Amino acid sequence: MTGNRLSGPLDDPAGDAGHAEHPPRVGFFTDTSVCIGCKACEVACKEWNAVPEDGLDMLGMSYDNTGSLGANSWRHVAFIEQPRSTGRQDPGFLGLPTGPTGTGLMADAVGPRLRASERGGSELGTGPLDGPKAAAEQPVGQPAEDLGMPAFSRPGDATGPESRTDFRWLMASDVCKHCTHAGCLDVCPTGALFRTEFGTVVVQQNICNGCGYCVSGCPYGVIDRRPDDGRAQKCTLCYDRLHGGLEPACAKACPTDSIQFGELDELRERADRRLAQLHDLGVGEARLYGNDPNDGVGGDGAFFLLLDEPEVYGLPPDPVVPTRDAPSMWRRAGAAAAAFALAGVGAFVSSAIGGRR
Amino acid sequence: MGSNMAEAHPVGFQWVIEAKARGARVIHIDPRFTRTSALADTYVPLRAGSDIAFLGGVINHVLSNDLDFREYVAAFTNASFLVREGFEDTEDLDGLFGGYDAETGTYERDCWQYEGADQEREEPEGASPDSPSGDDDSEMDKERTSPMGSGAAGAPLHGATNVATDPTLQHPRCVFQILKRHFARYTPEMVERICGTPREKFQAVCEAWASNSNRERTSALVYSVGWTQHSVGAQYIRAGAIVQLLLGNIGRPGGGVFALRGHASIQGSTDVPTLFNLLPGYLPMPTAGSHETLTDYLDDLRSPTQKGYWTGADAYLVSLLKEYFGDNATAENDYGYAWLPKIDGDHGTYRTVMDMVDGGKVFGYFLLGQNPAVGSAHGRLQRLGMANLDWVVVRDLAMIESATFWKDSPEIETGEISPQTCRTEVFFFPAASHVEKEGTFTQTQRMLQWREKAVEPTGDQRSELWFFYHLGRKLRERLAGSTDPRDEPVQKLDWSYRVDGSGEWPEPSAEDVLRRINGYRTRTGEPVDSYLELEADGSTACGCWIYSGVYADGVNQAARRKPHDAQGPYDRQWGWTWPANRRVLYNRCSADLDGKPWSERKKLVWWDADEGRWTGDDVPDFPATTPPRYEPPPDAVGPEALRGDDAFIMQADGKAWLFAPHGLLDGPMPTHYEPHESPVSNALYGQQGNPTRKVYGRTDNPSNPAPPELHREVFPFVLTAARLTEHHTAGGMSRQLPYLAELQPELTVEVSPELARIRGLTHLGTAHVVTSRAAVQARVMVTDRMSPLWIDGQVVHQIWMPYHWGGTGLVSGDVVNDLLGVVADSNVFIQESKVATCDVRPGPRPRGAALTAMLAQTRARAGVTVETGTRIATADDVPHVTHTEDDTAGGTDDGSTDDGSTGNSAGEQS
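Quick note, the sequences are listed as chains Y and G, same order.
Take 19 as the starting number for the first sequence in the numbering used here and just add one per residue.
Take 22 as the starting number for the second sequence in the numbering used here and just add one per residue.
These aren't lab readings, by the way, just hints derived from the structure by calculation.
Don't take every hint at face value.
Below, a list of computed lysine to aspartate or glutamate pairs in the EDC-like style, where the Cα atoms sit at most 16 Å apart [claimed, not checked]:
| hint | chain 1 | residue 1 | chain 2 | residue 2 |
| --- | --- | --- | --- | --- |
| 1 | G | K363 | G | E237 |
| 2 | G | K201 | G | D87 |
| 3 | G | K41 | Y | D75 |
| 4 | G | K41 | Y | E180 |
| 5 | G | K201 | G | E109 |
| 6 | G | K623 | G | E109 |
Some chain G residues judged to face chain Y by a derived CB distance under 10 Å, without partners named [stated by the list, open to error]:
| hint | residue |
| --- | --- |
| 7 | T218 |
| 8 | R282 |
| 9 | E763 |
| 10 | E767 |
| 11 | Q798 |
Not close to chain G: a few residues of chain Y, all C-beta gaps over 12 Å, as computed [what the hints assert, rightly or not]:
| hint | residue |
| --- | --- |
| 12 | D75 |
| 13 | E99 |
| 14 | T121 |
| 15 | A125 |
| 16 | R182 |
| 17 | L260 |
| 18 | H261 |
| 19 | C272 |
| 20 | D275 |
| 21 | G280 |
| 22 | N309 |
| 23 | D310 |
| 24 | G314 |
| 25 | V338 |
Keep in mind the model is a prediction, meaning the values are calculated, not measured.
Ideal placement from N, C-alpha and C gives every residue a C-beta, glycine not left out.
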């Protein structure tokens with residue numbers, strides 16, 4: 019074990035938090051390669067946890083009308099349309115009379131709506147990778163012309179070097195990562211956030227005072243305050259169901275076992291096997307995300323198998339718990355301004371990562 | 022193909038994912054790239070409505086390259102059977118088979134028959150003294166001889182044991198050679214021209230399919246309503262079945278044709294049907310005129326000289342009558358056969374709705390979990406029909422559009438319906454949901470699974486069982502003293518269902534209903550164990566013969582829940598599958614001619630020579646002790662006439678039909694016809710569309726023009742519609758729920774970037790889609806998932822819409838089904854709702870009177886009249902007759918007299 023109790027590998031977060039006798043650490047392994055984007059996880063989570071409806075507004079980012087994780091969305095399925103292919107999958111558009119990709123148009127239309135939305139939202143990698151603006155420059159919104167037979171053009175009209183042939187549609191269900199070193203928990207001044215005996219991280223609603231430090235303490239942008247009472251909300255990994263010996267609602271509802279619940283050690287082995295299988299099948303882009311105890315949060319309790327860079331899914335490539343550097347910074351800052359130090363680690367952290375979002 | 026399984030059947034799709042993890046290759050062939058395509062190894066685009074051309078190409082590939090599983094094909098199919106001399110193929114007649122009558126738009130089908138099969142008794146009973154005369158007669162004949170009029174058995178096949186064969190498959194008139202010639206022009210080049218699928222891509226599919234189908238390997242074919250909802254829908258499925266038979270993929274593990282149904286328990290509601298022309302267990306509904314007596318009916322259903330288990334139909338029907346009428350059914354009164362309703366033509370959904378609009382025939386309407394104002398093709402016609410009734414009863418979970426049409430339908434805005442004057446009285450009954458009542462679901466594998474009641478229904482919510490039990494009870498009380506003969510059937514019913522609880526309104530026992538569906542001995546009440554125990558002498562009663570065994574040993578077999586890891590590979594103790602708890606139909610085909618599995622890897626059932634019977638991992642679908650090489654005596658009939666290789670035991674000749682000598686109205690083999698509305702000409706034949714499709718030439722049901730008609734450029738794009746995972750069909754169960762409504766809050770129209778550029782559409786902007794029926798407004802979704810196609814040298818664009826929206830609920834929108842007209846498959850009355858033509862324009866649609874005017878203007882621009890689309894014959898050398906309904910046709914120019922009126926028994930599209 020390196021570092022300190024605020025960063026680096028930590029074998030037993032529950033024990034570290036003071037649970038003497040406790041069950042093994044549990045978590046989620048979300049295998050996005052088999053996600054069919056049905057959103058049963060979003061619905062099951064809301065049903066079980068009585069999470070309110072999040073607005074009947076149309077976002078239109080492909081089939082995603084949820085936008086991001088938030089106080090009223092503890093599971094979020096991202097849909098990413100991209101003009102490139104994955105592994106040996108044959109997207110089927112070769113030889114068709116296509117023009118340039120329209121994924122940039124979609125991103126351009128949705129981007130401002132996402133940024134303008136109350137919570138912001140993750141920037142998914144929907145734009146074309148080789149120059150996200152190129153496609154957007156294609157003329158859109160031209161007035162309709164009555165060409166007589168507008169459906170038909172002459173052979174060759176629509177083909178050319180700009181013709182789109184590659185395509186993939188990625189889907190992934192995101193959730194709270196239940197970090198080994200949870201920034202939200204570390205900065206919570208009231209103790210509302212706590213480490214459970216299962217190694218998960220849960221907010222106690224009756225203690226939370228709505229200060230919001232946790233919101234900026236999360237390197238993933240997961241935890242969020244509910245507008246009505248201001249209290250922080252996020253996935254509890256169905257703490258109540260765990261007490262009853264049940265798996266979390268989302269994992270139970272997932273038809274294809276994209277969301278797998280279990281003991282974290284076993285999940286990590288399973289994920290390694292699945293990754294090796296995909297690599298054997300030629301899906302070289304497949305990778306695990308959040309499974310490494312040496313990463314900036316000491317590894318996630320909820321980790322993922324992704325089919326591309328995390329940024330494509332709107333996930334931070336190198337998340338760091340804001341408190342990792344707190345001890346050393348504390349020493350320097352403490353010497354400089356005792357009054358500042360009294361304001362608490364939370365505020366400190368908040369300013370340290372202010373540019374993150 | 023024709024299935025978006027990941028989105029429409031996400032729970033079932035887990036098995037596809039599991040198969041993929043075990044090495045299966047998944048190919049998705051579809052007009053658009055869906056969530057299913059996203060998980061497939063290969064996506065293959067094609068034009069909506071061109072699947073038979075694609076499948077015909079696969080058949081041609083298999084036959085031209087000798088890739089068929091020859092031993093299987095020769096043994097288990099009718100490939101070696103000879104067809105009569107004089108059979109004429111579509112290759113000879115520009116897209117028509119021999120026997121076509123242009124006046125009626127029907128075939129005289131004798132010339133498709135086998136050589137050696139007795140043809141005299143093939144004729145329908147013909148015009149009985151009671152049947153109408155004149156032009157109506159041919160139409161009546163069309164209805165009466167439809168295969169649905171004969172249930173699943175088709176018409177009887179007399180002399181099935183005497184058919185001439187050529188086991189070498191070389192005779193020019195053998196089915197194998199006829200099939201080969203029929204599909205010879207379905208080349209990769211032709212597939213590319215018709216479907217838009219690049220030929221290399223198509224060939225890769227052929228090679229993958231064929232190379233994965235042999236002794237060691239099998240391929241599965243999945244389809245859904247993307248295949249059925251076409252004017253040639255039955256032939257789509259035939260084409261898929263032919264491919265699977267040629268490749269030896271039927272009746273074997275990992276093979277099969279999977280028909281994914283549109284709703285929970287739709288399989289159940291065809292087994293114990295809600296269809297006008299079927300009785301339970303696919304027995305036909307008797308026809309007035311020709312089926313006056315029980316003997317008439319049975320003679321028309323089966324022949325004393327055919328093979329297989331349909332010869333037991335007398336036991337199935339008499340037991341059904343005993344279940345309906347109890348002690349009132351006796352040998353002396355033909356077991357109450359006279360009390361069964363008789364049909365005299367088409368009484369399907371769409372015919373009925375048109376009769377509502379026309380008035381005078383239909384006065385009331387029951388809707389149970391059905392929302393035709395949104396979910397049925399031509400929503401406006403549905404709403405206008407419902408607004409012209411005395412009463413409508415709606416039983417649903419929420420106040421759906423079909424209960425509120427009188428005050429908030431789109432026709433209020435156009436002035437066609439007025440709340441002040443609408444005469445229909447609507448009765449709304451809140452329904453108990455599936456977790457608030459017990460019973461069975463029958464899923465797509467024919468498996469019945471018992472469902473416990475999880476919670477008590479609240480308020481006035483009641484089960485359907487409760488509603489109908491008490492409705493029947495009350496009706497019988499009212500009619501108890503009636504002397505009107507028409508009330509006799511209700512008076513004579515055995516309505517003695519067991520009830521749980523007391524008082525005036527107890528809940529009937531669903532388990533008791535299941536017991537009575539299973540069947541029992543009338544003297545002791547003891548349940549029968551299988552349909553083989555049913556008798557035609559009144560000693561047994563059975564509500565649905567194919568379900569016989571679901572209550573075997575007096576145990577609710579559908580409630581069994583033995584876990585997968587506690588039993589064998591076929592989970593025979595989980596639920597119960599009809600017939601006889603068989604998991605794989607026709608599984609005799611999993612063994613070779615000697616009864617040995619084709620391979621160890623693909624073994625399922627086999628002949629145990631020591632025991633002298635069939636055995637295996639599944640319940641053998643074959644007479645248990647008939648040896649694999651058995652030759653029956655020449656005078657044997659029924660099950661005893663089955664040879665050891667007659668694996669298709671329900672068929673009158675024991676064989677799977679590559680060529681259907683009877684039973685289909687539109688041809689013995691599938692043929693590519695363009696959809697009723699198409700932007701292109703048929704590249705294969707002068708015959709453009711299905712020459713027997715049911716058109717309804719009425720001013721309230723206009724068609725967009727299709728070649729050879731002019732002005733198709735007014736509706737240049739192909740429209741297809743389907744569902745999203747997030748919503749349920751007509752939205753009654755999802756638009757009312759915040760957690761589902763927020764996931765897909767608005768109606769969208771998906772277009773390719775290419776079409777967006779042509780029409781000036783922007784992502785999330787507003788557009789409207791226009792047909793000759795309606796204009797529907799939606800938000801635009803510009804997506805790479807949609808792509809234009811090369812069709813015969815032209816670029817053709819397709820657009821897609823989900824159809825879940827209507828005027829009520831948390832989220833609302835226009836009704837996509839308003840865009841569709843009514844045209845139907847002649848065999849099964851299913852509407853063509855998976856393909857039409859349309860235009861799409863930017864901006865919102867006009868409203869009110871401006872909408873009506875715009876549509877009229879558009880129709881005028883396209884030259885649409887009541888005759889448009891009704892000239893169903895377009896081949897050379899036949900009269901091109903219009904088929905319109907006289908009362909609404911504003912005068913025809915060729916003196917057409919045909920009624921053309923037929924209908925549809927299908928409900929919501931899925």
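Here is what the structure says about each hint:
| no. | hint | in the structure |
| --- | --- | --- |
| 1 | K363/G with E237/G | violated, 50 Å |
| 2 | K201/G with D87/G | holds, 11 Å |
| 3 | K41/G with D75/Y | violated, 36 Å |
| 4 | K41/G with E180/Y | violated, 33 Å |
| 5 | K201/G with E109/G | holds, 14 Å |
| 6 | K623/G with E109/G | violated, 39 Å |
| 7 | T218 | holds, 9 Å |
| 8 | R282 | violated, 17 Å |
| 9 | E763 | holds, 5 Å |
| 10 | E767 | holds, 4 Å |
| 11 | Q798 | violated, 14 Å |
| 12 | D75 | violated, 6 Å |
| 13 | E99 | violated, 6 Å |
| 14 | T121 | violated, 6 Å |
| 15 | A125 | violated, 9 Å |
| 16 | R182 | violated, 6 Å |
| 17 | L260 | holds, 23 Å |
| 18 | H261 | holds, 22 Å |
| 19 | C272 | violated, 9 Å |
| 20 | D275 | violated, 7 Å |
| 21 | G280 | holds, 17 Å |
| 22 | N309 | holds, 20 Å |
| 23 | D310 | holds, 25 Å |
| 24 | G314 | holds, 31 Å |
| 25 | V338 | holds, 32 Å |
Taken one by one, the earlier hints fail for this structure at numbers 1, 3, 4, 6, 8, 11, 12, 13, 14, 15, 16, 19, 20, listed in ascending order.
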